[in-house]
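*Asks:* Protein chains in written order, with our numbering: chain D, 520 to 826; chain E, 520 to 826.
It is worth saying that the hints were derived from the structure and are not from the lab.
These numbers were taken from a predicted model, which means no experiment stands behind them.
Honestly, I wouldn't trust all of these hints.
What the hints assert, rightly or not - Sample of chain E residues lacking proximity to chain D, with all beta carbon distances greater than 10 Å (derived): (1) Pro524; (2) Lys584; (3) Gly599; (4) Ser680; (5) Arg681; (6) His713; (7) Asp724; (8) Ser738; (9) Gly741; (10) Phe760; (11) Thr775; (12) Gly788.
Said to hold, decoys possible - To give an idea of the chain E side of the interface with chain D (calculated C-beta under 7 Å), a few residues: (13) Val637; (14) Arg664; (15) Phe737; (16) Phe742; (17) Gly790; (18) Gln792.
Said to hold, decoys possible - Below, in silico cross-link-like pairs of lysine to any residue (SDA-like), each with a Cα-Cα straight-line distance of 25 Å or less: (19) Lys764/D / Gly772/E; (20) Lys545/D / Asp662/D; (21) Lys764/D / Lys610/E; (22) Lys527/E / Ile729/E; (23) Lys764/E / Arg623/E; (24) Lys764/E / Thr787/D; (25) Lys764/D / Arg773/E; (26) Lys764/E / Lys610/D; (27) Lys527/D / Pro600/D; (28) Lys764/D / Gln792/E; (29) Lys764/E / Arg786/D; (30) Lys610/E / Pro634/E; (31) Lys584/D / Arg567/D; (32) Lys545/D / Glu733/D; (33) Lys764/D / Arg783/E; (34) Lys584/D / Thr630/D; (35) Lys610/D / Asp550/D; (36) Lys764/D / Gly790/E; (37) Lys764/D / Thr787/E; (38) Lys764/E / Leu726/D; (39) Lys764/E / Glu776/D; (40) Lys764/E / His794/D.
Here a beta-carbon is modelled for each residue, glycine too, at the ideal position from N, C-alpha and C.
Protein chains: 2
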Amino acid sequence: MSEAPFQKVALIGLGLIASSMFWAMKRAGMDSHVTGFARSEATRDTARRLGLCDQVCDSAEEAVKDADLVVLAVPVGAMGPVMQTIAPHLKPGCVVSEVGSVKRTVIEAVTPHLPEGVHFVPTHPMAGTEHSGPDAGFASLFDNRWCLIVPEDHTDGDAVSRVETYWTALGANTERMDAEHHDMVCAVVSHIPHLIAYTMVGVADDLGRISDNEVIKFSAAGFRDFTRIAASDPTMWRDVFLTNKDATIEILGRFTEELMALQRAIRTGDGEQLHAYFTRTRAIRRGILEAGQDTDAPDFGRAKVDR
Amino acid sequence: MSEAPFQKVALIGLGLIASSMFWAMKRAGMDSHVTGFARSEATRDTARRLGLCDQVCDSAEEAVKDADLVVLAVPVGAMGPVMQTIAPHLKPGCVVSEVGSVKRTVIEAVTPHLPEGVHFVPTHPMAGTEHSGPDAGFASLFDNRWCLIVPEDHTDGDAVSRVETYWTALGANTERMDAEHHDMVCAVVSHIPHLIAYTMVGVADDLGRISDNEVIKFSAAGFRDFTRIAASDPTMWRDVFLTNKDATIEILGRFTEELMALQRAIRTGDGEQLHAYFTRTRAIRRGILEAGQDTDAPDFGRAKVDR
């Protein structure tokens with residue numbers, strides 16, 4: 520067992536991220552005592568059955584009692600209300616963190632409820648799968664992934680450092696970023712790709728002339744990469760778009776503009792423009808491979824599936 | 520060795536698909552003699568070095584001499600010109616096939632050059648990776664994937680059956696489809712997803728406020744699935760869009776329409792509409808997993824990469 524940066528940790532919300540955090544803490548040999556709470560009784564039952572958390576509590580108030588670190592791992596829209604509920608029960612010096620995909624709105628929702636002497640350190644582990652729920656977590660989810668740390672100028676430096684130490688122990692690399700920049704970066708690398716994937720899958724589902732069966736059978740030609748993203752948790756993503764509205768709409772505008780330019784090139788038969796555009800994008804892919812953020816295995820990195 | 524449906528096979532164009540076909544034929548123990556030709560001398564040299572094809576020829580005319588099956592595996596825009604070149608050198612009864620991603624335009628480009636007594640059976644193996652070139656191929660590329668067979672009403676039935684037998688031996692499942700329906704299905708499951716992925720990567724590359732380095736570092740949040748698709752061969756994809764213009768523009772119109780509806784829901788804060796849309800798309804994902812066209816492994820099916 521290694522000395523943990525926080526002796527008592529409370530996980531509020533027990534989905535993919537929180538359950539992965541628990542298993543990663545255990546893997547790291549942290550000697551923290553971990554309590555957990557989820558709003559749904561079924562989720563709490565599943566957590567107890569899986570041995571997820573040292574203690575699963577029936578209320579958030581109970582879970583955060585005496586905690587040195589409280590992690591809010593609920594949909595972005597629920598962060599404010601949950602903070603309001605737990606605020607009177609936090610011990611002085613406690614660090615409250617959260618793992619939402621949007622920062623400016625969350626900071627605005629949480630900060631008014633923050634008691635004197637409690638520190639707030641927003642984080643965003645940039646890792647996930649299309650699965651959700653307490654049984655979706657696994658210890659290696661954050662390995663070699665980035666966890667963005669998004670303090671404000673006045674945030675206690677020691678609290679920020681301890682949160683960074685904690686995430687490093689969970690396998691992640693950390694980087695500090697301000698909230699506005701975070702929300703714009705995430706709109707580009709995550710939010711808009713998800714929205715586009717959802718839309719493409721919706722279009723395929725709508726087309727009467729092509730059966731669902733055909734869409735499914737022939738998905739290996741590119742479409743399945745979209746369905747994978749578009750299987751992510753609907754509540755989480757609804758909240759992301761509602762709370763990162765400005766950046767989302769700005770990037771969507773850029774996207775639509777470029778898509779229209781390519782559509783025009785297709786309509787007018789401008790092969791040179793298409794070829795130049797399609798060539799430029801390869802360099803980014805190479806960069807991602809070199810940075811170790813994906814594999815170069817053939818067949819889109821996926822194993823053959825026997826039926 | 521098993522008796523091959525075609526004794527002498529000529530592969531014209533030695534990229535990902537043709538090289539995978541060669542290795543799959545060898546894996547199947549087919550006793551065919553396989554000749555190959557590529558326009559680029561560098562590609563022919565690589566093929567000779569890899570042992571790709573029993574004989575690499577310096578001209579298409581030489582490669583197709585005495586062939587029972589000629590497979591055109593060149594970009595869609597080159598199918599007509601290549602057919603014109605080889606036509607005088609085909610033996611009577613020969614089956615010409617091709618593996619392009621678009622069918623109506625290819626059929627119109629190839630058919631006028633078809634000699635009397637030579638059969639034309641268009642096919643489309645729905646498998647690929649983002650890699651291209653003679654060294655990108657591997658024997659299992661087509662395993663459990665669909666190969667669409669797109670004959671016309673008047674096409675010789677025996678030629679069609681032999682092509683189906685051939686693809687089944689290479690590991691694929693076959694299904695017949697008419698050219699118009701093929702082009703619409705592929706616009707949905709492949710062409711538009713690729714165009715969208717290219718566009719999204721282009722947008723990220725363009726944004727001055729977000730560095731390439733940031734885009735690359737944080738790509739695991741969804742973006743990397745787009746970059747994978749957007750690393751595909753630019754010449755192949757240019758030709759696909761130029762030759763499947765009608766279906767591409769129709770589906771693009773549908774896509775933009777739905778995207779605008781979601782953008783409006785984001786702008787007006789209509790959470791119910793977003794949630795309902797994001798819920799609907801999960802069913803399609805489940806269908807794809809049940810059909811064995813993807814894996815359900817976490818972390819988007821990709822192995823951890825150590826740096």
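*Asks:* All hints, please: hold or fail.
*Replies:* Consistency of the hints with the structure:
Every CB of chain D is more than 10 Å from the CB of Pro524/E (nearest about 24 Å), matching its label as outside the interface. The Cβ of Lys584/E sits about 33 Å from the closest Cβ of chain D, beyond the 10 Å cut-off, so the non-interface label holds. At roughly 15 Å from the closest C-beta of chain D, the C-beta of Gly599/E stays outside 10 Å, upholding its exclusion from the interface. Every beta carbon of chain D lies more than 10 Å from that of Ser680/E, the smallest distance being close to 21 Å; the non-interface claim holds.
For Arg681/E, the non-interface assignment is confirmed: its Cβ lies about 23 Å from the closest Cβ of chain D, beyond the 10 Å cut-off. At the 10 Å boundary, the C-beta of His713/E falls inside the reach of chain D, the nearest C-beta of that chain being 5 Å off. The claim that Asp724/E is not at the interface with chain D is violated, since a C-beta of that chain comes within 10 Å of its own (minimum 6 Å). Once the 10 Å rule is applied to beta carbons, Ser738/E is inconsistent with being away from chain D; the minimum gap is 5 Å.
Residue-level check failed: Gly741/E sits 4 Å from the nearest beta carbon of chain D, not beyond 10 Å. Not every Cβ of chain D is farther than 10 Å from the Cβ of Phe760/E; the closest lies at roughly 5 Å, contradicting the non-interface assignment. Distance check for Thr775/E against chain D: the nearest CB is about 7 Å away, which does not clear 10 Å, and the non-interface claim fails. Separation of Gly788/E from chain D is inadequate, the least Cβ-Cβ distance of about 6 Å not exceeding the 10 Å criterion.
The closest approach between the C-beta of Val637/E and any C-beta of chain D is roughly 29 Å, which is over the 7 Å cut-off, so the hint fails. A hinted interface residue such as Arg664/E counts as satisfied when its beta carbon comes closer than 7 Å to some beta carbon of chain D; here the least separation is about 5 Å, so the hint holds. With a least beta-carbon distance of about 5 Å to chain D, the hint placing Phe737/E at the interface is held under the 7 Å criterion. Hint status for Phe742/E relative to chain D: holds, with the closest Cβ pair at about 4 Å, below 7 Å.
With its C-beta approaching chain D no nearer than about 5 Å, Gly790/E sits inside the 7 Å limit, and its interface hint holds. Given the 7 Å rule on beta carbons, the hint for Gln792/E is violated: about 9 Å separates it from the nearest Cβ of chain D. For the suggested pair Lys764/D and Gly772/E, the alpha carbons sit about 24 Å apart, so the restraint of at most 25 Å is met. Annotation: proposed proximity of Lys545/D to Asp662/D holds, straight-line Cα distance about 14 Å (limit 25 Å).
Taking the CA atoms of Lys764/D and Lys610/E, the gap is about 64 Å. The hint is violated against a cut of 25 Å. A threshold of 25 Å between alpha carbons decides the hint, and for Lys527/E with Ile729/E the separation of about 54 Å lies outside it, so the pair is violated. Of the supplied pair hints, the one linking Lys764/E and Arg623/E holds, its CA atoms being roughly 11 Å apart against a limit of 25 Å. Of the supplied pair hints, the one linking Lys764/E and Thr787/D holds, its CA atoms being roughly 10 Å apart against a limit of 25 Å.
For the proposed pair Lys764/D and Arg773/E, the alpha carbon gap of about 23 Å is at most 25 Å, so the pair holds. Only pairs whose Cα atoms come within 25 Å are accepted, and Lys764/E paired with Lys610/D is rejected, the gap being roughly 64 Å. With a C-alpha separation of about 23 Å, the suggested pair Lys527/D and Pro600/D falls inside the 25 Å cut-off, and the hint holds. Proposed proximity of Lys764/D and Gln792/E is supported: the alpha carbons are some 15 Å apart, at most 25 Å.
With a C-alpha separation of about 7 Å, the suggested pair Lys764/E and Arg786/D falls inside the 25 Å cut-off, and the hint holds. Only pairs whose Cα atoms come within 25 Å are accepted, and Lys610/E paired with Pro634/E is accepted, the gap being roughly 9 Å. Between the alpha carbons of Lys584/D and Arg567/D the distance comes to roughly 19 Å, so the proposed pair stays at or under 25 Å and holds. Taken as a hint, the Lys545/D and Glu733/D pair is broken in the structure, with Cα atoms around 44 Å apart against an allowance of 25 Å.
For the given pair, Lys764/D sits about 11 Å from Arg783/E by alpha-carbon distance, which is consistent with the 25 Å threshold. Restraint check for Lys584/D and Thr630/D: the C-alpha separation of about 20 Å stays at or below 25 Å, so the hint holds. For the suggested pair Lys610/D and Asp550/D, the alpha carbons sit about 20 Å apart, so the restraint of at most 25 Å is met. Among the hinted pairs, Lys764/D with Gly790/E is consistent with the structure: their alpha-carbon atoms are about 12 Å apart, no more than 25 Å.
Restraint check for Lys764/D and Thr787/E: the C-alpha separation of about 10 Å stays at or below 25 Å, so the hint holds. A threshold of 25 Å between alpha carbons decides the hint, and for Lys764/E with Leu726/D the separation of about 18 Å falls inside it, so the pair holds. The hinted pair formed by Lys764/E and Glu776/D meets the criterion: a straight-line CA distance of about 19 Å does not exceed 25 Å. With a CA separation close to 15 Å, the supplied pair Lys764/E and His794/D stays within the 25 Å bound.
The earlier numbered hints that this structure contradicts are 6, 7, 8, 9, 10, 11, 12, 13, 18, 21, 22, 26, 32.
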